[in-house]
Amino acid sequence: MKKLLLSTAALAVITLSAGAVQAASNTATADAEAVVLVPVSVEKDQDMNFGSFAVNVGVSNGTLKTDGTASGVQHTGASAPAKFEVTGAGNFSYIFSVEDDASAAHDQVKLSLIGGTGTVGTDAMVATLTGAGNYTLSFGSDTVTVSGELTDLVHTLLPGSYVGTMKATVTYP
Amino acid sequence: MSFHSNHLETKSFRRGLSLVSALILGISLPLTSVQAAVISNTATATASAVIFAPLTVVVTGSSTLNFGKIAPTGVVGTVTIEPMAGSRSASNVALLPSLPSDLSLLVNGEPNETFILDIPTPNVTLTGAGSSMILDLFTAFPDSISGVSEALPTTHTLNVAGFFPVNVGGTLNVAGDQAAGTYSGTFDVSVTYQ
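Heads up: the sequence lines are chains A and B, in that order.
Residue 167 in this note's numbering sits at position 167 of the first sequence; the count goes up by one each step and never skips.
Residue 117 in this note's numbering sits at position 117 of the second sequence; the count goes up by one each step and never skips.
No wet-lab data here; the hints were simulated from the structure.
Predicted model only: the values in this text are computed from it and were never measured.
Every residue gets a Cβ at the ideal spot worked out from N, C-alpha and C, and that includes glycine.
Among the chain A residues that face chain B by a calculated CB cut under 10 Å, a handful are:
| hint | residue |
| --- | --- |
| 1 | N56 |
| 2 | G88 |
| 3 | A127 |
| 4 | L158 |
From just these sequences and the hints, can you work out the full model?
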């Protein structure tokens with residue numbers, strides 16, 4: 001027992017005070033550290049909405065933005081950009097990207113007539129998205145606004161409700 | 001004793017050093033799989049829009065607001081065509097037998113949606129053989145009192161089939177010495193979704 005205690009104490013001494021033993025030869029110290037980041041996350045705050053519109057007869061290149069600016073179309077109803085809430089570490093920088101959730105095409109989203117075939121120009125249209133880029137958190141949070149513009153709108157588009165899904169991704173650089 | 005303790009220290013020291021080294025190495029190595037899970041995240045949002053049927057307006061029936069045959073009486077006068085009724089009346093102007101008519105239009109678009117109707121230039125100039133005449137237009141609709149002029153633009157609702165009729169009449173100002181001949185002019189009627 002006495003012998004066992006002596007061995008344990010000796011082991012403990014060696015483990016915790018390796019430096020003292022090493023002093024007999026050469027010594028080196030090293031630091032071990034890790035920077036733990038608060039996870040960066042993103043949540044949707046607001047969906048994108050272009051409102052209601054009709055493409056003027058004979059038009060094949062109509063445009064409509066989420067701020068209501070239109071060309072070749074009659075626009076009615078409220079429109080709104082998408083908004084995302086980003087949270088993370090302090091004032092760290094982060095990268096925000098957005099793409100079509102189905103096709104993964106960057107900076108765009110395809111809106112298709114519900115129940116349609118998804119054919120662009122007939123029952124589908126594409127919106128160009130603006131909002132991707134490098135941002136900086138402020139006290140751990142930030143809001144990113146993604147605006148959109150429908151282009152190449154043709155008067156032959158079928159009337160009805162159109163919808164598409166975009167995916168936003170945030171990463172630390 | 002000293003030899004025994006030296007032997008013990010050496011073996012235990014190496015073991016302890018190995019333990020410390022392992023701890024250091026363990027922290028230094030990149031935790032790739034763990035980092036990937038905490039430094040990216042995604043969220044989805046929808047984009048939506050509603051497309052309406054194009055809003056159009058077409059002339060039905062006669063495409064002319066026709067005042068028929070009239071004759072000046074030597075003093076300034078007027079001739080009026082009532083919309084919807086299509087009847088003609090005059091003041092200080094002789095009405096001669098003819099077939100006057102108001103103008104019938106039909107608006108077509110998305111059912112139950114509201115739209116704005118306007119005549120950008122409600123004062124039309126008719127030109128012909130003599131000095132021009134001014135025509136003041138006014139409209140009548142199913143949802144308004146017939147014959148009562150409403151200040152343009154006006155707002156209306158398409159019916160469940162997407163239609164809305166509009167009738168246009170007007171008052172023509174005739175000079176007392178208006179020269180004989182055919183007088184004509186054009187005007188636009190515009191419709192836009194509200």
